[in-house]
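Spelled out from the first residue to the last, the chains are:
There are 2 protein chains.
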Amino acid sequence: MEDVAIVGASMTRFGQRDAWIRELLAEAGRACLDDAGVSADAVDHLYVSNMASGEFEGQTGVPNALAHDLQAVPAYTARIDQTSSSGGAGIYAAWQSVASGASDMTLLVGGEKMTHKTTAEATDVIASLTHPCEYKHGLTLPSFAGLTARLYLDTYDAPRESLGKVAVKNHKNGVDNPHAQFRKEVDLDTVLDSPIVADPLRLYDFCPITDGSAALMFCTVSVAEEYTDNYVTVSGIGGATDTHVVHERADPTTMRGVVESSDRAYEMAGLSPDDVDVAELHDMFTILEFLQFEDLGFAEKGEGWKAVEEGRTDRDGDLPINTSGGLKSKGHPLGASGVAQAYEIVQQLRGEAGKRQVEADVGLACNVGGFGNCVTTAIFEGVDA
Amino acid sequence: MEDVAIVGASMTRFGQRDAWIRELLAEAGRACLDDAGVSADAVDHLYVSNMASGEFEGQTGVPNALAHDLQAVPAYTARIDQTSSSGGAGIYAAWQSVASGASDMTLLVGGEKMTHKTTAEATDVIASLTHPCEYKHGLTLPSFAGLTARLYLDTYDAPRESLGKVAVKNHKNGVDNPHAQFRKEVDLDTVLDSPIVADPLRLYDFCPITDGSAALMFCTVSVAEEYTDNYVTVSGIGGATDTHVVHERADPTTMRGVVESSDRAYEMAGLSPDDVDVAELHDMFTILEFLQFEDLGFAEKGEGWKAVEEGRTDRDGDLPINTSGGLKSKGHPLGASGVAQAYEIVQQLRGEAGKRQVEADVGLACNVGGFGNCVTTAIFEGVDA
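Protein chains in written order, with UniProt numbering: chain A, 1 to 385; chain B, 1 to 385.
Hints were generated in silico from the structure; no laboratory data involved. Be careful, since some hints might not be right.
As the list makes no split between identical chains, a pair holds if one copy fits it or if it spans any two.
[Stated by the list, open to error] Straight line, CA to CA, 25 Å or less: simulated SDA-like cross-link-like pairs of lysine to any residue:
| # | residue 1 | residue 2 |
| --- | --- | --- |
| 1 | Lys301 | Gly354 |
| 2 | Lys136 | Asp69 |
| 3 | Lys136 | Glu55 |
| 4 | Lys117 | Gly351 |
| 5 | Lys136 | Ala19 |
| 6 | Lys306 | Met268 |
| 7 | Lys355 | Gln71 |
| 8 | Lys117 | Pro132 |
| 9 | Lys136 | Asp274 |
| 10 | Lys136 | Gln71 |
| 11 | Lys136 | Thr253 |
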């Protein structure tokens with residue numbers, strides 16, 4: 001089977017946007033068509049990654065609306081939802097559409113419009129993904145993060161400061177990302193002195209509520225070569241779930257969905273964790289960057305925090321993590337985030353990441369839904385890899 | 001590429017159900033595992049077709065919940081939404097997962113829980129898929145149906161009674177479907193004298209609000225043969241959209257999504273409309289059965305109404321349509337309907353349709369989202385076809 005390639009990528013400015021979901025999706029979609037040099041009528045499959053346009057805006061059927069707005073009718077459309085990892089699930093769906101031969105050219109657009117809601121309202125929409133037996137006791141995703149952070153720090157004798165350093169690093173990276181919601185550095189004291197949200201985690205351990213969208217164009221390698229000599233391949237991809245009830249997990253500091261999905265992705269790519277040069281991890285909460293770093297095989301269990309302490313995950317480290325600024329500073333529009341992770345990896349592998357550029361032939365994106373409830377991991381390779 | 005097969009199928013009783021979406025999905029999921037003789041741990045991809053569990057019940061993340069309830073963790077999960085054609089989109093996604101080599105065994109479960117809402121509330125959720133420029137003028141899906149029915153009757157000189165006969169036929173079929181919401185015959189006078197909803201259409205021209213779910217198990221033919229000698233193949237499948245704004249269509253009596261999606265399905269299957277022995281069409285409104293009958297190539301444009309008048313689409317006619325009772329009498333739980341259409345075709349092709357059994361080697365299911373906004377068409381063949 002021929003490899004699947006990405007021939008175009010785009011993202012909108014993330015943040016508080018005076019635009020509805022339809023407009024955000026169309027903005028990224030048009031930019032991706034332009035970036036790929038593909039005309040709308042060449043697109044035969046159009047997927048939208050989005051968790052909750054109905055709940056947030058009372059607007060459903062957004063894939064059909066996008067086909068209309070991009071003048072891509074009669075392209076086939078569908079919405080792919082996997083809660084906060086809808087973007088990664090969209091990448092997997094787009095990959096399948098090309099790999100199965102169903103599609104010659106698939107456009108994936110992920111997006112979410114959230115900031116017109118209060119933080120409490122938005123948190124409540126997101127919390128609707130948790131199991132009712134936990135939710136009724138007040139266990140939202142931030143509270144799971146607090147509990148897990150406490151367990152991690154105690155079990156592995158990790159300093160609280162190491163979590164803060166994730167926020168400091170990712171904010172520093174975000175300064176150089178013109179699309180990021182927060183383009184300002186924060187120092188460690190600011191993080192550690194910020195208001196407590198879910199002890200031991202504080203405000204700066206959390207990603208914000210965000211509006212935005214991102215897009216990718218998929219086709220086979222042989223089609224890609226008709227458009228560009230600087231495409232990227234999806235050499236490995238996998239997805240997996242963990243228990244819906246978080247307290248049923250044998251060890252809450254291990255994300256089984258990350259382990260299983262990355263095992264499949266590495267196997268498909270014929271690569272190992274050592275081969276990865278740059279990665280975007282789902283740092284919805286700082287603690288998640290440690291868990292994914294370990295569960296992706298970049299460090300032994302309980303050792304992930306040392307990588308950030310030692311500067312290994314800095315932009316000039318041996319395995320830069322979240323060069324985009326991550327969800328932490330770039331923002332987290334649910335359906336867009338997984339697509340925007342891949343956008344960053346594509347930019348790095350094409351050598352188009354500007355001030356954020358690192359040396360990389362192989363990149364990885366790990367997109368986490370819920371509190372590890374569902375995960376997709378994708379491995380990308382540059383054309384010269 | 002090896003053909004994709006269906007090795008198991010199930011549906012719950014449709015109607016007013018004292019069960020939430022999680023319970024409905026698990027009921028059909030377990031029944032499908034039983035029917036296929038497949039264990040939950042053999043399922044590696046689990047898709048859920050559902051439009052609006054968040055809007056209807058405040059519960060999202062239902063695919064992960066279903067993986068939990070079926071003990072299918074760590075199977076990959078995602079929700080596929082294409083509004084009222086989410087079931088057909090799920091079939092296409094499941095097909096792609098197997099055809100691409102991503103999955104060895106994919107379980108698709110479609111479902112919706114609606115009857116706890118008033119008809120007005122449910123209609124409002126469904127109407128959120130329409131374009132705001134039309135919705136603000138009161139153009140919900142039933143009103144589009146009324147306008148289109150008037151245009152069809154006038155343009156093609158068709159009698160009002162022909163629409164009523166669709167309802168009579170489908171109710172008659174539903175009597176023999178133990179899963180149907182309405183298992184009672186209606187006579188033509190009852191249909192024609194029922195209250196006006198959207199002139200010229202009356203209450204009995206519309207499908208009901210329904211709870212229910214249905215499921216299908218997909219794998220390659222070679223895997224299928226390890227489980228059963230009575231599987232069904234998906235020999236052709238395609239999807240397409242039409243304009244989001246209905247009044248932009250050159251001819252509202254032609255559903256471009258049906259034409260385009262079935263063209264792709266026929267081409268993939270190497271078959272023509274003449275080869276189809278039985279079909280399930282999306283009779284959300286009686287007029288839609290005429291439009292699809294024509295746009296699928298079963299009759300010339302404007303001639304579809306004659307088929308029902310002549311009894312050709314009766315159970316003992318030359319092309320039985322909606323032997324299940326259709327959405328009209330079986331019910332229409334949005335995310336389940338497209339899956340339940342395929343369930344009926346699978347039962348017919350396996351020779352397990354009981355009193356509804358017709359002679360058929362090739363079956364077709366056409367699932368319509370919105371007012372033809374997005375459509376999937378799938379062609380199925382029995383193992384002896």
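For each hint, the structure was consulted:
Taking the shortest alpha-carbon separations for Lys301 and Gly354, neither the intra-copy value of 34 Å nor the inter-copy value of 57 Å comes in at or below 25 Å. Only between protomers do Lys136 and Asp69 lie at most 25 Å apart by alpha-carbon distance; the minimum there is 19 Å, versus 41 Å within a single protomer. When the C-alpha separation of Lys136 and Glu55 is checked against a cutoff of 25 Å, the pair qualifies both within a copy, at 20 Å, and between copies, at 19 Å. For a Cα distance limit of 25 Å, the shortest separation of Lys117 from Gly351 qualifies neither inside one copy, at 37 Å, nor across copies, at 53 Å.
When the C-alpha separation of Lys136 and Ala19 is checked against a cutoff of 25 Å, the pair qualifies only between copies, where the shortest distance is 19 Å, while the shortest distance within a copy is 34 Å. For the identical chains of this complex, Lys306 and Met268 are neighbours neither inside a copy (29 Å) nor across copies (54 Å), given an alpha-carbon limit of 25 Å. Proximity of Lys355 and Gln71 under a CA criterion of 25 Å is satisfied in neither setting, with 35 Å inside one chain copy and 47 Å between copies. For the homomeric pair Lys117 and Pro132, the shortest alpha-carbon distances inside one copy (23 Å) and between copies (20 Å) are both at most 25 Å.
In this assembly of identical chains, Lys136 and Asp274 lie within 25 Å of each other by CA distance neither inside one copy nor across copies; the values are 42 Å within and 56 Å between. When the C-alpha separation of Lys136 and Gln71 is checked against a cutoff of 25 Å, the pair qualifies only between copies, where the shortest distance is 23 Å, while the shortest distance within a copy is 45 Å. For the identical chains of this complex, Lys136 and Thr253 are intra-copy neighbours only, at 23 Å inside a copy versus 49 Å across copies, given an alpha-carbon limit of 25 Å.
In summary, the structure is inconsistent with hints 1, 4, 6, 7 and 9 from the numbered list given earlier, while agreeing with the others.
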